[in-house]
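J.: What follows is the residue order along each chain.
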Amino acid sequence: MPDRPGLSDSRMVLEIAGLSKSFGSVRAADNILLAVREGEALGIIGPNGAGKSSLFNLITGDLVPDAGEIRLNGRDVTRMPPHRRCKLGIARSYQIPHPFENLTVFENLLVGAAFGQDKHERDVADLCGQVLERTGLLHRANIPAGSLTLLERKRLELARALATGPQVLLLDEIAGGLTEAEIADLVATIREINASGTTIVWIEHVVAALLAVVTRLIVLNFGSKIAEGEPQAVMNSKEVRDIYTGIEA
Amino acid sequence: MQQPRYRIETAVEATRIFAFAGIGLVVVLVLLPFFAGRGLVQDLIFVFYMLALAQLWNLLAGYAGLVSVGQQAFVGLGGYMLFAFTVYGGIDPLLAIVLAGVVAFLLAFPTALVVFRLRGAYFAIGTWVVAEVYRLVFAQVKPLGGGTGTSLSVGVINGLFGIDFLREVFGLRTSLARDMVMYWTALALAVGTVLVVYFLLRSRRGLGLAAIRDSEVAAESVGVDSFRTKLWVYVLTAGITGMVGALIYLQTARISPDAAFSVLQWTAYVIFIVVIGGIGTIEGPIVGVLIFYLLQNYLAGFGTWYLILLGALAIVIMLFAPSGIWGYVSARFNLVLFPLRRRLVRLNTEKVDSGE
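These protein sequence lines map, in sequence, to chains D and R. Under our numbering, the residue at position 73 of the first sequence is numbered 73, and the numbers go up by one with no gaps. Under our numbering, the residue at position 144 of the second sequence is numbered 144, and the numbers go up by one with no gaps.
Note that these hints are calculated values from the structure, not bench results. Ideal Cβ positions, reconstructed from N, Cα and C, are used throughout, including at glycine. Treat each hint with caution, since some may be false.
Stated by the list, open to error - Computed, partial: chain R to chain D, Cβ under 7 Å: (1) P4; (2) R5; (3) L201; (4) R204.
Just chain D, same shape as in the assembly (with noise of 0.2 Å):
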């Protein structure tokens, strides 16, 4: 399990206060608060359209908010553009892959090692082959990663967020549409990741996969958190079993 010792006293690498968001009456982020330790793995949960996806944009920049704050690293990074965020260290995969097609698998990786850590192309050759053999895709490194099947473009989001050297990494329903034996793979890489020391965010509704490696997780419904803490805790508590009647945790 990634729960490493000194884990408890380590610094907040993310921290966010009061954010808030609305698409017309729908509130998609309701006044939230939430920090994530460095080197911790949190998981979120909750029902479609609870916000999970609209926090993940939030973060990274592909939504403005319309109120609060986030910082990274104590920096506050509300109002910057996406691509800035990147390279201060948040990476993300977005739940419906989108793979640069035209592009090689291997070239999908080298922009976001080239750009997300603004170094040259050649230097980074090293990395993005470590990488590859990480995600097990180096077998599939020069063919256009519009040909890929869904198992391959979901590591590949993983891969190329990863190239860009992230100290946060978020997740987007990495493991929906996958076979079990799939996840299960998958599953071991996020834990490797997350044991080298990447702080990770994950949003799942394949509740048993995000289990396997979440050390905390919360509750998101309506844009508000309803719940938050140790997994099983979390899992068994009223306000979960409420929304989620009849599924195990």
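Let chain D serve as the given structure and place chain R on it in line with the hints.
T.: Frame of chain D, contents of chain R only:
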């Protein structure tokens, strides 16, 4: 940490052969005016500047996703600046071409400020509207001929750098020497544009551009500054388009707002060239311009029917070979003349994957 285990490879063997063939072709083209007739030389000037315009539009639309229908703004601007600099500034026309490019480059910033607020189809229409504004503004400038236009004096054109040299050394007539200087300028602009586009696309910025083309949201999420990248492409293409415009109106020696800011001549034909040749490739516009030249040479006499034929051909290509003639040939024979693919190669072992 450890020894490097991977490296990036770009060129392929066939490309090196092509590179030498390309250099050979350029040498032949440089020497051509000494052997070829005047008609061919003048035709090739046209081919060269259309090629440069097509490469630039392809970079804008095919790579940066900026489908502009208003590049005539910068062609006309360049042409008018050439007239202003040579007639009123007394500057040598060749230097004036460069200065016209600088003016177009600088004016592209405020223009971008307006059109970059729009996206997709709205961007296309917006650029067209801006080009019309440019046309109407220049129609008001009386010293440059106002609405009816003006001509360059023979003195200005014959004062072109290098003409005296050619006359004395090779004993050429002035008109012939003038054509040759313009021919070489056009050739330099065309070859220069192809090289600028190629090396831009091979650079890190070009990689970012390819990422933006495929998914702007994802490109931003991995650290690509899409606004700056697109702005950079826009002002760069505007600058070179301005230089091409200046050359065009140096050759025709007569300018009017309607011709200089013609959407048909400087954008519609250019789009045709890129679409039939193959958008999103450097080879495509080269193939396209040759086809366009042949069509125009043999069919322009049919007037309106010629235009209908061009339109019909463009539609047929879009339906049956959406990636253009080059796209079809390239896929069929696995042929790439300007390699852009970056391949990951494992050191000391076999290649990572043989697939392309």
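J.: Where does the structure disagree with the numbered hints, that is, which hint numbers, in rising order?
T.: Hint 3 contradicted; others consistent.
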